[in-house]
Each structure stands twice: as C-alpha cells, then as structure tokens.
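*Asks:* Sequence:
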Amino acid sequence: MKLATWNINSLKVRLPQVLDWLQAHPVDALCLQELKLPDDKFPLEAFTEIGYTAQWAGQKTYNGVAIVARQECLEVQRNIPDFDDHQQRIIASTLASPIGDIRIISAYCPNGQAVGSDKYEYKLRWYAALRDWLQGELQRYPRLAILGDYNVAPKDEDVHDPAKWVGDVLVSEPERAAFNAVLDLGLTDAFRQFEQPEKSFSWWDYRRMAFRRNAGLRIDHVLLSDALRDYCVSCVIDKTPRANEQPSDHTPVVATLVLPQAS
DNA sequence: ATGGTGGCCCGGCCA
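Taken in order, the first sequence gives residues 1 to 263; the numbers are from this note's numbering.
Quick caveat, the hints were computed from the structure, so don't treat them as lab data.
Keep in mind it's a predicted model, so treat the numbers as computed, not measured.
One should not assume that every hint holds.
As the list claims (entries may be wrong) - Keeping only pairs whose Cα atoms sit at most 30 Å apart, straight-line, the calculated DSSO-like set for lysine-lysine is: (1) Lys239 with Lys199; (2) Lys41 with Lys2; (3) Lys119 with Lys36; (4) Lys2 with Lys12; (5) Lys2 with Lys164; (6) Lys60 with Lys41; (7) Lys199 with Lys164; (8) Lys119 with Lys2; (9) Lys239 with Lys12; (10) Lys41 with Lys239; (11) Lys60 with Lys239; (12) Lys164 with Lys239; (13) Lys2 with Lys36; (14) Lys119 with Lys12; (15) Lys12 with Lys36; (16) Lys155 with Lys41; (17) Lys239 with Lys2; (18) Lys60 with Lys36; (19) Lys119 with Lys164; (20) Lys119 with Lys155; (21) Lys119 with Lys41; (22) Lys41 with Lys12; (23) Lys36 with Lys239; (24) Lys199 with Lys155; (25) Lys60 with Lys12; (26) Lys155 with Lys60; (27) Lys12 with Lys164.
Unchecked claim - So the derived label-pair ranges between C-beta atoms look like this: (28) Glu75 with Asn214: 37 to 45 Å; (29) Gly167 with Asp82: 26 to 34 Å; (30) Glu157 with Asp205: 13 to 21 Å.
A virtual CB, placed ideally from N, CA and C, is assigned to each residue, including glycine.
Generate coordinates for the entire structure from the input sequences, incorporating the hints supplied.
*Replies:* Next comes the structure, spelled out in structure tokens:
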C-alpha cells in the first residue's frame, strides 16, 4: 500500500500535473492540500477517468483538502469536531485493507505567518485541537496515517540554513513543541525511520530561486500510528514535480507499506 | 534591509 501527500497550491492550475503524477505513481491514496476551490468545482470526473475516487473539503480562494484513492472512502469526516473553524484544513476517511480498516487523514496545518501574529496564535490553537481530536481518533482507529502540510520543520536537519531561520515561523520552539505533542500521541515521522539524503526538503519558496539553491524546508510529513509503522518499508520525497513548468512550491512525499495478506 | 514569486481575483490577501 502506497500513501502520498502533496500540497498542490491550486488544484485548478495543478490538475494536469496531479493526473500525470498519479499515472506515473499509482499510489493507493494521495492526500492533497491547498485545493483553493469550492466544493462544486472539484474535478471528480478527471480522477474517476483514471481509476480513482475522491473525497474533499473545499472552500473558495484558500485552503481545501482532499483524499484521492483507488478504493471507496468510508466514514468521511470533514474538519476537527468541536473546533469552531470555517477554514477547510482536515478530511478523514477509512480505507479497507488486509489488516483491517486504516484511517487516512489529509491535513493542511496553518502557516502562522509570523511569530506572535494572530495567525500564529491560531496555528497553536489549531494544533492543540488537532492533538485533542487525534487522541480519540487513535483509540477508534489504531491503524492511522495522517499526511499533509504541517508547516513545521521538526528539527534543524529539516532546514537548509538553520542559523538564518532560528526562531522564525515554521521552526520556532512553540511550533515544534506543538508538532511533537502530536507525535507523543503515538505517531512516527515515517521519513526519519529510514536513512535519507542530507538536505532533504519538501517545500521551496517560489522566490529567490530557492529550488535551484535547494534552499528549502521539510514541512510535509507522513505520520504513522504505532500499529502501522512496522509495516512501512520506505518513505521518500519525490523532488521531480518541483522542477515542472508552473510547479507547486511543495513536492510529494510517498510512504510504502507492505501489509500481510488476510489470514 | 527589503523584497523577491505565485495564486486567488482583479488591489490586496495569503503563502
């Protein structure tokens, strides 16, 4: 089973790239972030034509998340329950597998804009709500994978120039603590389960030729529950779409799980 | 030290 995440920064603009990528990398589920389109503009037919189904939570102009999958998405949940928020940042769904149901979550965590700003406070409140909800979700669904744009580089090795970024939004200590509080529920950063190239990043600013200089951050993550992590045999960042014409500023992250056959 | 680019929708927000 292959699971992937990609912040595509407008599905309208990036749809051809997403379809091309899916056909070259026929993953079981692809979590998308920053659709930037309302629900009635989601291009479902384009996905069904290539053998996928989808569930989504869209909104006009900003945010928006989806799960594109090869099998039916069950028990769909939009947003964090009991967290009053009109921004569409969460969609969760259940996929059947040989080892039982697997809960898949596509997450677009707030950016935070600048340390100390209103948006930064919202980011920390949002992370606390995510943690509280995931705690129960992990009890209901022990086999859980939450993939997305976390807008947090967990460690200095995830930052191209840690000295330049120290204390900044995306790397500040409260943000890293919020991210670690999620991991402490019993989730593992799949990418760091394996040996990886140095200076591995998933996002590069559009400005100042950041991709050419590999001036990036690793802020897109695949988190696996304890019941899933031992099935994971690889987790890789696919940098190639970042070199496309009209690229997203993010690139896909792909985790491969080898599940035993049902007995 | 500032502003650089890109997507939204068409001046300014958000990333």
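*Asks:* Which of the listed hints are broken here?
*Replies:* 5, 8, 16, 26 and 27
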